[in-house]
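Undergrad: Whole structure, please, built from the sequences with the hints as guidance.
2 protein chains.
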Amino acid sequence: MQHEIERKFLVANDAWRAGADAGHRLRQAYLAETGQVAIRVRVVDGSSAVLTIKSAAPGVSREEYEYPIPPSDADALIELGGGSVLDKTRFRVPHGGRTWEVDVYSGENESLVVAEVEIEDAAARVEPPPWVGREVTDDPRYYAASLAKRPYRLWSDPDVRRGA
Amino acid sequence: MQHEIERKFLVANDAWRAGADAGHRLRQAYLAETGQVAIRVRVVDGSSAVLTIKSAAPGVSREEYEYPIPPSDADALIELGGGSVLDKTRFRVPHGGRTWEVDVYSGENESLVVAEVEIEDAAARVEPPPWVGREVTDDPRYYAASLAKRPYRLWSDPDVRRGA
Numbered sequence: 000m001q002h003e004i005e006r007k008f009l010v011a012n013d014a015w016r017a018g019a020d021a022g023h024r025l026r027q028a029y030l031a032e033t034g035q036v037a038i039r040v041r042v043v044d045g046s047s048a049v050l051t052i053k054s055a056a057p058g059v060s061r062e063e064y065e066y067p068i069p070p071s072d073a074d075a076l077i078e079l080g081g082g083s084v085l086d087k088t089r090f091r092v093p094h095g096g097r098t099w100e101v102d103v104y105s106g107e108n109e110s111l112v113v114a115e116v117e118i119e120d121a122a123a124r125v126e127p128p129p130w131v132g133r134e135v136t137d138d139p140r141y142y143a144a145s146l147a148k149r150p151y152r153l154w155s156d157p158d159v160r161r162g163a
Numbered sequence: 000m001q002h003e004i005e006r007k008f009l010v011a012n013d014a015w016r017a018g019a020d021a022g023h024r025l026r027q028a029y030l031a032e033t034g035q036v037a038i039r040v041r042v043v044d045g046s047s048a049v050l051t052i053k054s055a056a057p058g059v060s061r062e063e064y065e066y067p068i069p070p071s072d073a074d075a076l077i078e079l080g081g082g083s084v085l086d087k088t089r090f091r092v093p094h095g096g097r098t099w100e101v102d103v104y105s106g107e108n109e110s111l112v113v114a115e116v117e118i119e120d121a122a123a124r125v126e127p128p129p130w131v132g133r134e135v136t137d138d139p140r141y142y143a144a145s146l147a148k149r150p151y152r153l154w155s156d157p158d159v160r161r162g163a
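Chains as they are written, first to last, in numbering that gives the first Met the number 0: chain A, 0 to 163; chain B, 0 to 163.
Please note that the accuracy of each hint is not assured.
Stated by the list, open to error - Pairwise CB distance ranges (calculated):
hint	chain 1	residue 1	chain 2	residue 2	range
1	B	Trp154	A	Ala123	50 to 56 Å
2	A	Ala123	B	Ser110	52 to 58 Å
3	B	Arg89	A	Ala55	26 to 32 Å
4	B	Gly95	A	Val49	39 to 45 Å
5	B	Arg140	A	Glu134	46 to 52 Å
6	B	Ser46	A	Ala123	48 to 54 Å
7	B	Thr136	A	Ala55	31 to 37 Å
8	B	Ser46	A	Pro69	23 to 29 Å
9	A	Glu3	B	Thr136	40 to 46 Å
If you're looking for bench data, these hints aren't it; they were derived computationally from the structure. Positions of the beta carbon are idealized from the N, C-alpha and C atoms, including for glycine.
TA: Given below as C-alpha cells:
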C-alpha cells in the first residue's frame, strides 16, 4: 500500500515543455467506483498495465494499491467495464527539487492540461512552477474518474477554460 | 483470463464429508459491483490472498481475472471496501471424474451449504452426487455477492431452507 498525497494545478502555458521528458501515453478506465473505492485499469505505452485501487476519500491524501497485470487483460477489462476511456500523455518535469507530472489530455478531454506533484505529507511546502495556474486539488471535476464521466469538452464554465 | 463455467447445487446431507479434503478457510468481500463487473478480495487460510474481477453477466458462464495480492493488502482492502465479509470453509470432493467444491458457510450465512462444480462448457454432462439437492445455478440469491448483502439467516422461505 502507498499513501498517495498530491496537489494538482491547471497549466497556464507551454513553458514546462522545455524541461520535460519524452512522455508516456496512458490509456485508462474506471472499472468501478463506489463511495469507498475507485478501481482503475491503466495501460502505459500499450506495453504494460496496472490495476489500481484507490480509496474514494476526497482531498489530498488517498490510500492506493497497485498491481501489475498483463496488458491483454487490461484491454479486456477496459472493454468489460464498459465505461469511458481516458487518453492522455504524461510528461515528467523536474522543478524545485520535485518531479511534476504534466498530463496532456486528448480525445474527449482535449485541451485540458494539468500538473500534479506528489508530496510527503499534506503540510509539505510546494513551490509551484511559473507555468502553473490555479490549484484544483480539491475540485472534484478534475478527478480522473470525473473526467471519464463528464469530459472537459462538455464543460461550459469559461473561467475554468481560461485555466488560470 | 479464465472463462468460468460452473453449476451450483444445495447440499442435502453430510455424506460428502467421507470423501472430502481438510478444507480451506475463505474470507472474502466485494469491493465493488457494477452492472458490468464484480470485484472480490479473498483471503485463503489467512496466509494468501487474491483479487478477482468477474464479469457480472448472470448465468453459467463468466469471464474471470485473478491476481494474487499480499494478504496484508487484502485485509486493508476488505476494510476499505466497507462491505459485508463472507466466511466459509471450502472442501474438495471428487465425484464422477470431477472435483466438486462444497462451501460450508459460517457467520451470517451459517447453516448454508452449497456444492459447485466447474465444467468445460455449458452443455457438459454433470452427474450430481447423491448428497446434492436442488440446483441453484441460476438463482441470484445464492450468488456470493448476494449472500454478502442479504445473508442466508435473513431468508424466510422454508422451502429454500429445506435444501432439497
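Undergrad: Just pull the numbers of the violated hints for me, sorted ascending.
TA: 6
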